[in-house]
Amino acid sequence: MDINLVEAAAFIGGVIYGNKNIIINNLAKIEEARPGDLTFLYMTSYEKYFSTTKASAILVEPGFKKSREDITYIEVKEPNKAFSRLLIKYFTPQFTLNGVDPSASVHPTAVIGNNTAIGKNVVISAGCKIGDNVKIFHNTVLLEEAEVGDDSLIFPNVSIREKCKIGKRAVIHSGVVIGSDGFGFFTDEKGVYHKIPQIGNVILEDDVELGSNVTIDRAAIGTTLIKRGVKIDNLVQIAHNVVVGEDTVISSQSGVSGSTKIGDHCILAGQVGLVGHINIADNVIITAQSGISKSITKSGQYFGSPAKEFKTALKLEAHIRNFPAYVDRIKKLEAEVNTLQDKLNNLSNGK
Amino acid sequence: MDINLVEAAAFIGGVIYGNKNIIINNLAKIEEARPGDLTFLYMTSYEKYFSTTKASAILVEPGFKKSREDITYIEVKEPNKAFSRLLIKYFTPQFTLNGVDPSASVHPTAVIGNNTAIGKNVVISAGCKIGDNVKIFHNTVLLEEAEVGDDSLIFPNVSIREKCKIGKRAVIHSGVVIGSDGFGFFTDEKGVYHKIPQIGNVILEDDVELGSNVTIDRAAIGTTLIKRGVKIDNLVQIAHNVVVGEDTVISSQSGVSGSTKIGDHCILAGQVGLVGHINIADNVIITAQSGISKSITKSGQYFGSPAKEFKTALKLEAHIRNFPAYVDRIKKLEAEVNTLQDKLNNLSNGK
Amino acid sequence: MDINLVEAAAFIGGVIYGNKNIIINNLAKIEEARPGDLTFLYMTSYEKYFSTTKASAILVEPGFKKSREDITYIEVKEPNKAFSRLLIKYFTPQFTLNGVDPSASVHPTAVIGNNTAIGKNVVISAGCKIGDNVKIFHNTVLLEEAEVGDDSLIFPNVSIREKCKIGKRAVIHSGVVIGSDGFGFFTDEKGVYHKIPQIGNVILEDDVELGSNVTIDRAAIGTTLIKRGVKIDNLVQIAHNVVVGEDTVISSQSGVSGSTKIGDHCILAGQVGLVGHINIADNVIITAQSGISKSITKSGQYFGSPAKEFKTALKLEAHIRNFPAYVDRIKKLEAEVNTLQDKLNNLSNGK
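Chains as they are written, first to last, in my numbering: chain U, 29 to 379; chain H, 29 to 379; chain Y, 29 to 379.
These are calculated hints, taken from the structure and not from any lab test.
Note that this is a predicted model, so its numbers are computed, not measured.
It is possible that part of the hints are untrue.
Unchecked claim - Okay, derived cross-link-like pairs now, DSS-like style, lysine-lysine, Cα gap no bigger than 25 Å in a straight line:
1) Lys336/Y <-> Lys339/U
2) Lys343/H <-> Lys359/H
3) Lys360/H <-> Lys371/Y
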């Protein structure tokens, strides 16, 4: 794709320094860029690549020292975001899926919107409602009365169980399972587990993205609710009756246990675990591998397993790292106290 | 569904207080219940909802203070279990899959039981044996000589590899992989890994449930064995040659490494990891995110990474949390010893 | 399968002691072997089974004490590797998939090599290139321009996204997702996340194995690269722009965050987490459940969360385990110092 540099700079509100009349074919990372590419610089750790990058043009912060003359600069605030905006404008992937494939099975009672594409071997069961401009890729299955909102994109081999509802502009990656039974059993007097029917559903509000092989269980009763704008990374587990607040992000391999409620604008880093039946306030950040066993009522950053408020956790971590030094200090104290005791005894004995 | 309250109370052995002649349409959680619903109360943390619940009837413990007159009470021991029994009786989902879909591929040498339903695009390979009253949902694949016992339920997009055997009344959720190769390699002198053929299989005894995207590897030689009544939550990993004992429960995202044997009636909470080649006794509870690197020979509760016996671990955790206080005490001791040393020196010097 | 013992011994360079003229039908573990089986002994913890094993022949280290006369010995260095070589020679599974199934959808522009088998309901999209002697099992999907090298084996229900490339002799287990979008968003002033197009791909070099339900995200820009000989276990997550070096092994449920580069010949044990944008040197071993938040520049063994060099971590772990004893020593010191202070005061006061 040929990109007019002047047009691109105007789109992001940037100012060009250098040769305006170059044509850009591609966007690339600074260390991999080739002639014809536009790149960007935003982390100081990447500045080492500036002197050697082969990019033809580069997005930089206003005031960047323009030490090279063979490259065109575009000054713009937050070059990384500007770069993302150009990616969205010029490189948003266009998937070629069109129409309803003859090998797809669409139940006569299912409603399919306009301009919606259904791939090969897809199963759309009775009572399903699929909106407009949806793409459902090959070998994906929707059981009875599942719903998908307009402009959603569902990749191959996804499983959506009965009565689950997906909002508009969803992106559901391959291998996702939405609406599997919650993990609910009761034990009898012999310790044998009996399955409790899981008769609720899952609702994804608008603008939700689910990474590959994510699992979201249906509610025991009621709804497992993923609110507007939530982004969930690969291999995350969401148990029954969980609520995830708006614009919350959950990174890969984290797990949220049953009935826990997470607030808006939270960030869970990777491999975090939350026990069930707790509440997490809005604007909480939980760092990687933390384990949360109690409700968090105050926004802020937390880590550890069990998790502590960030500064407390850092301090504890430092103490633990210095444990050998503390042990040495205890030993030194013991020796000194011994010496003191001896001296004092001698003194008392008049020696 | 209309439920006769008198019949429902009789079924669970409960005693009705208040208006017996109401019709119940639904079971609901206390905080979400509406007129016509039956709910239950069993955790004190939910009592706050009692004064405002709109439920028409409620299961309560015998002796519960009946402060409202506009609701019908059913006194019953363990209201939560009674509620689950009503859910099972009246709301066990009836899946509508019937017959063998023409798009399914059933090998001529496969044996399919009576009243068994095979969904769209399902592949049943040569030599498979499927029992009676089984439902295998769309796009699931069984390779050669796989077996499934009576009354089992297999959801869409499941992969069951050759020679693996699933018992009766199994529930296998979407995305499960049973019988993938164990992770077995040997290295040559150059550090290159060579695959060791994994020629064993997986056996699931009766009444096993596997959550979505669970992976269970086939044995290198012999059998990876999941015994009767085991319940496994989403995204759990079971490696080759593992044995999981009867009525053991494994929560989401836990992993069990190769050749480890877990006893009966154990509970692994979420994100637990067990190294390979160890044994876990019966009746062991391992709390969330724990890492188990040695055999556990005694029933009881364990946590931590590496895991300790529960009380020991709690005590250690408390010590660690109080680490700053201990550091302060060491500093105070150092100051005091210094002072003592000075005083004693002065005294010795006759000052 | 009947195996001639003399031929088998010659193949592994072993020396037979005892009856050479027996026929072996099977290879088995020492504790499960039956008459007609060949087994092996290599860990001392398994020697307890030697006196009772029913195996007809056994691989042992040179010099092993041959206390039984009813069993044939084959002396060989590294009996476990020799056993694996026999497994490979005599028991490598032969999958029966042949030809292109009529239910498979192969786009006219796709190129399929010689002797390649495509299973039922497989989707091979436009521009795909599949090498020779490849087997792609049922219900697997390849989107546009995906490529698979010669002699690769792809199990059922795998999803391979557009433009991703798989090398020769790959083994891709069920449920794997290759090339899902990286987890990349930018936030606007309201804290709403906007998707950054992920326009790169994934490349698997030759001899890579991916366990079931592994997820590997495509690069934001450029390539997520899994180098020659890498073996990845079930449920592992590899984020966008990660590079995994040659002959590196990653165990189950580990996760590698975006843009991190792992060297050659590394071993990540189970449930390990690596943050993004760090570098791991060659020959690094990271033990189970460790969390790595900084680059590792020196080969060696590391553990903990946050991870430390192995010996340091072991020492810290010992200190932590002994924390109650240190607390007791602090208390004892406090009492002694108190006593000293009293005594000294008395002495100063002339008592």
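**Asked** Taken at face value, is the distance from the CA of Lys339/U to the CA of Lys336/Y at most 25 Å?
**Response** holds, 20 Å
**Prompt:** For the pair supplied as a hint, Lys360/H and Lys371/Y, is the alpha-carbon distance within the 25 Å limit?
**Reply:** Within the cut-off at roughly 19 Å; holds.
**Prompt:** If you draw a straight line from the CA of Lys343/H to the CA of Lys359/H, is it 25 Å or shorter?
**Reply:** holds, 23 Å
The structure shown violates none of the earlier numbered hints.
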